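*Asks:* Keeping the supplied structure of chain Y fixed, place chain C upon it in accordance with the hints.
Each chain, written out:
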Amino acid sequence: MADHKKDDDKSLPESIFKFAWKFTRRQQIWVLAIVLLSMPTYFFALDIPKRIVNGPIQGRGFPTEESTQVFLKIAFDVPQWMSSSGTLELFSGLTLDRFNSLIALSISFLILVIINGLFKFYINLYKGRLGERMLRRLRFELIDRVLRFPISHFKRVKQSEVASMVKDEVEPVGGFIGDAFVTPVLLGGQALTAMAFIMLQSFWLGLIAGGIVAIQAMLIPRLRRRLIELGRERQLTARKMAGRVGELVDGITAVHVNDTSNYERADFSARLGNIYSIRYELFKRKFFVKFLNNFLAQVTPFVFYLLGGYFALMGQIDIGQLVAVIAAYKDLPGPIKDLINWDQQRLDVQVKYTQVTEQFYSDGMIDAQLQEAVLEPVENLKDGFKLSGLSISDDTGTKLIENINATFSLGERIAVVGGVNSGGETLGDALGRLLPQTLGKIQLDNSDLEDLPEAKTGRRVGFVPSEVSLFFGTFGDNLLYGLKNAPQIKKEYNGDEKAAHKNTIMESRQTGNSTLDINDDWINYQAAGVENYDELVLKIMDILKDVGLSSDVMNFGLRGTVDPTEHADLAAKILAARNSLKSRLHNDKYSAMVELFDPSKYTTQATIAENILFGTSIGDALEGRKFYSNEYLHEVLDAHHLHKPMYEMGIEMAATAIELFADLEPGHPFFEQLSFMSAEEMPDYQIALNRLKGVGFDDVELADKQMFIRLTFDYIEPRHRLGLLDDERRAMLLDARHDFAKGLPSDLKQEIEFYDPETYNGASSVQDNILFGRISYGVAQGEETILGMLRDVLEEHSLYDEVFSVGLNYDVGSSGKRLSSAQRQKLGLARALLKQPDFLIVNRSLAALDYPSLVKILDAVLAGLKNQDANQGLFWVLGHPDLALKFDRVLVLDEGRIVEDGTPQELLEKQGKFAALVN
Amino acid sequence: MVSINEEVELLRRVPLFAQLEPAKLKLLAFTSQRMTFQVGQELCHQGDTGDAAYVIISGEADILIDQNGKEIVVAQVGENAVIGEIAVLCEVPRTATVRASSPLQALKIDKEHFLRMIREFPDMGIEVMRELADRLTTTTAELSQARGQLEAANC
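Sequence lines, in order, name chains Y and C. For the first sequence, our numbering assigns the number 5 to the initial residue and increments by one for each residue that follows. For the second sequence, our numbering assigns the number 53 to the initial residue and increments by one for each residue that follows.
Just chain Y, with the same shape it has in the complex (with noise of 0.2 Å):
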């Protein structure tokens, strides 16, 4: 957080380097040291071999067999007045003969390599963190631009767009950074060193060396250059693709309902033929570049080969030192290849820098003061907004409302009316903060709109739009999000856990990200106006009756999954309304409505599959129709002789179904009722009907076997009345049930939850839990009166807050998709009243429900406010202007302007546009 309070950066630097520079210079520093201190051993290393060979291999300085030579002796020279002898020796070395030389030379060589492997371990590894760190705070700083950006800069912006740079194209950029310095003098520097020591051993040949670099090194830039460019669109390219599937996704039914699918494949196949034939010239090019180089790195040797050759026979070098060169020669190439590697990298993510940091760049940037986090609570507000003289146009220039000069106080109900354009919505956007001001100032408590922290508005002024945003997670995550300003209660980190998040916090400050945690209670409970979660649940459940999504989030409770191990005590709790369900179910007039699962007895209500699974899938393998062809069912079904009076029964349901629906076309509605076979299936089972017409059980091939015994999986005798099963065959059906879960396999046992009647089953809902069976068919009133009973006994067992709890966790999906409009819109609503607002504006925001459930609201709203002594402001931009009745004062606006305001009545009487409006 403290670097860009610092310095308020409006963009980000325009080089990489110059980024890289400015937040790792010490790093790099460091990085680099190491690398200068590991070239000494790098030298020594290139050196060892040629002394090998001319040592004790070739025999020099060892004159007799019993010559010896001084090893590692170490001295300097130093001046006279240090040392009488000119020398100053620290070690006075080793005498070795020539074997124990060769020994001596060979094992220094081996740990040279060895340190020069760990160095460039260290310095690898040192530059992959710096480089992981750094990729963390360049997305760090894009996101937080995106927090910071004006809204209206969105309208230019695609999210996938946004998403794919933060995701995908900074990611080569910040795995360059830690290359950034310390490749090129790494490899540069070995380089020079083999250049310096082909220099030392022989002028001409090292000349030679330079002179060929030197070509590669002019040449290939030259050709790279249309390379940049070509990285450059297939960047954008790219970019715009994702845009664009982005908008697919999401307008996937325009697509649907206008048939367009056949445009959005031309459009994407053009896309991509463009993508493949930039990304087709650039791997053309660039692995000419290779050849070339390749070429040229083969060409020195060639040279060397044969003039070092020469050299050496004509005596005016020696082998040793030709050696020597060419093995200097052979690390040359690498360096100098991994060098111009490196450089086509640094212009690769220029490219990409560069074109990332310039669409994080806008004008009036949200200044990150205003966003500071505010652990403590913020005032309550005082006065109001004020405006002046305040007109606002779009990006044309259309003036949306004009020279408006208002109070809005707090303890004032107002209603803005007006037709669709008149600037009511713009003016509630405004009061939100979501337009930019084009003349004239909006004030809140005497302070101009925009220089106010947004803890201010966000927490004291509540702001309902037409269009509810809501994030992935549940219920309950996006009722509270409104409350997650700052966080609240630290988490208590114990242990290893503690040494972990230290760790991690003091990772996040080294990369400039958030230090806030994230696993913190960020609930504000106080603003809220309670001081723990279970009061929280309370008022929530308030807020929700007020809104009407109280049974909505009482049907997800009833749907929902608990986990017994993690929730006993509720688990325990509904166990006691299943049996208490159960009493009163024994009643006559009731019985007949359900039937109750018991595993002694065949459930008639249920499919066959049903009966024989008795329990609920939990994994995949078991999973719908999966279940019918495991295997291990089908050995059961075999041992239990079951196979075969299967097959009659679907040879018989598959004649039925085929006498009654072979002369309806597919897509009839009668085919909903025919639950096991669909229209498409019909035909296949009509050709195996004739074939199998009066073949015995024994000679039908498997394949057919199955295909209509699936069939009789779906078989419910009370809903398909074809009178297939008997007393006989539900009993061995029950039987294969038990045998079907003692045999169970262990790598099956984790997919399958057995019904028991005395246990909580997770894998079902809360109220198939209570049930424990099934609805019967055909019951006169049935359902209703079941469901009716089923909630008294929620109630009889105070259940009811915590199945309402259980419906805070229903998962609402990606933007809130599984809620209907109108449920977004009132978890909008009660999203903002939960934070007791001193000002709340609403925005047309219940444009999608029905007048009545409109009005049930409004005056559920305005009672609340009543209710409470604080001064509350209430501005609600109504699309029903006779609502405006309810409300103490009413703007009238038109064409931008404000042409009526007063109380309704004195509006009433004025006979002026209102009362037209409302009449």
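Hints are computed from structural coordinates only; laboratory data are not their basis. Every value quoted in this text rests on a predicted model; they were computed, and no experiment measured them. Just so you know, nobody snuck in bad clues.
The following residues of chain Y were derived to be distant from chain C, with all beta-carbon distances above 12 Å: (1) Gly277; (2) Glu535; (3) Ser633; (4) Glu757.
Dumping the calculated DMTMM-like pairs for lysine to aspartate or glutamate here, alpha-carbon to alpha-carbon at most 20 Å: (5) C:Lys76 with Y:Glu676; (6) C:Lys160 with Y:Glu788; (7) C:Lys76 with Y:Glu669; (8) C:Lys76 with Y:Glu663.
In this text, a Cβ means the ideal position worked out from N, Cα and C, and glycines have one as well.
*Replies:* For chain C alone, kept in the frame of chain Y given last:
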């Protein structure tokens, strides 16, 4: 438990469906729902919009008409009786309340399904028409008879 074939036998005894070929009757039976009613439960309520017709399989029901807030039993029906077919054919509210006077089983024929069958199998439409025309003839005959009696009484 009565199976679908027995339901078909039953439907055949209902004059409205008597002339239909068995396969169509079976389809009608298959796509309709078997319902059980307790004593006191209503099959339909006077004034409601009709969404289904019923054929009583077993048991008995009272037909009641609301007169100035008082319910009067106008008739009793039992096995094979068809209830509510008029409301299914045309958009009129239920003309009477039908309430089970004993435990009752009925085949509930969905309005949509019924109309769909008539549309798809014109023979069935003709049968229904014939049956209704029969009833109209009877009613007309009864009416003129009643009128005659009324006139005779007036003379």
